Amino acid sequence: MSTDLVWLAVLMFAVTYPTRALGLLTPSMERLPQRALDYLQLVGPAILTALAAVNVMVVTDDSGATSFHIGIEWVAVLACMVVTAWRHNLLYGLAVAVVIVAGARALGIAAMPV
Amino acid sequence: MSTDPADDALTASRRRLVVEGLGIATAAIGFGFVYGLSARQAGFSPIEAIAMSTIVFAGAAQFAAVGYVVSGLGWPAIVLLTALLNARHLLYSAALAPWMRDVPRSRRAVMAHVLTDEAFALAIAHFKRLGRPDERGYWIGAIGATFIPWNLATIAGVYVGGSIPDPARFGIDVIFPAAMIGLAVGLITGRRELVAAIAGAGIGVVAALLTSPSVGIILGGLFGPALGLLVPAAEAHEIAPLGTPASADRYAMPGTHLSDRSDATPAGRDGPEP
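Going down the list, the protein sequences come from chains A and R. Quick note on our numbering: the first sequence kicks off at 1 and runs consecutively. Quick note on our numbering: the second sequence kicks off at 1 and runs consecutively.
There is no bait here: all hints are sound.
Footprint (simulated), chain R over chain A, 3 or more residues, beta carbon under 8 Å: (1) 1–7; (2) 14–20; (3) 40–48; (4) 52–60; (5) 70–77; (6) 89–101.
For the record, the hints were derived by calculation from the structure and aren't laboratory data. Given the structure is predicted, the values throughout are model-derived calculations rather than measurements. Glycine included, C-beta positions come from ideal geometry on N, C-alpha and C.
This is chain A alone, in the form it adopts within the complex (with noise of 0.2 Å):
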């Protein structure tokens, strides 16, 4: 069983640890800058629909190629999206996703991922 990922847990740890208890057991820090906190506050949105975007929107091949694709995945993560939004639930979105993916797959309208 492979435990390569152990070190990268830690390693992210490492990272995230501090940020945790440097307030905590710090409390006179400095507060970051103002431009620090405004670009902060935009990583999570910019980072998590660039991971979206990129798995359902490119794929590589055997070589390493590129290309762009479509495909029933756009739809699932559009509708959880929408479901999401409307809902305010992440859970009611990701089953409407999973539903539709694998109900397109089962019908034979949607190929099998690559």
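Based on the hints, put chain R in the right spot on chain A.
The following block gives chain R in isolation, referenced to the frame of chain A:
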């Protein structure tokens, strides 16, 4: 039966904390399970997936890490993006510090590891209701409502995920991108976030097509926010500034929004009166 009004207030606030914590725990179970499932489908071994939940213990960063690993991102880049994504904890930590100044340093060090969006949101609401800190209340929210459910659900997701023979047939592969987009929806609290999200996706895809998926994700994550900052602050209409309870509620697992989330006091000015 207690006759001390302070004791009664503590009991009442803890009762509410537990009720709110049950909602958080329910969501943590759902998302911890989905995380375990996604990690397993992405090729994480059970030990790796579970270690991530125990050692890192940061939902959005863990989900993102699954995507990073699948995209072939190098570890230094993963660590950099994790640091950026989790930097918001600095603000929670600073906001809680005035309430925790009488707690021994060794216990504050342990508290820090379980300081998540959910723990902050539960604790700060509880302390504000009381008008004073309550260390046990912090542990109830951080450990009882979040850490334990998240880790147990991760274990369940890992083992269920590992036992599904043909996950793509059941659409399991779409859970990861759908979860990413759903989490992003919760974080769009103003025009800047909207621009950053669209720019991050656009830059990510174009850069991925021109280079590789991993480079696309890095560039989208780094330059998307820079484009978002082009929206003037006066036109941003920000409703949940980072480091506030409202912001923590957004980062907490969607679907568990606590009832009292209207205040948006900036971190560092959120503590008890001296």
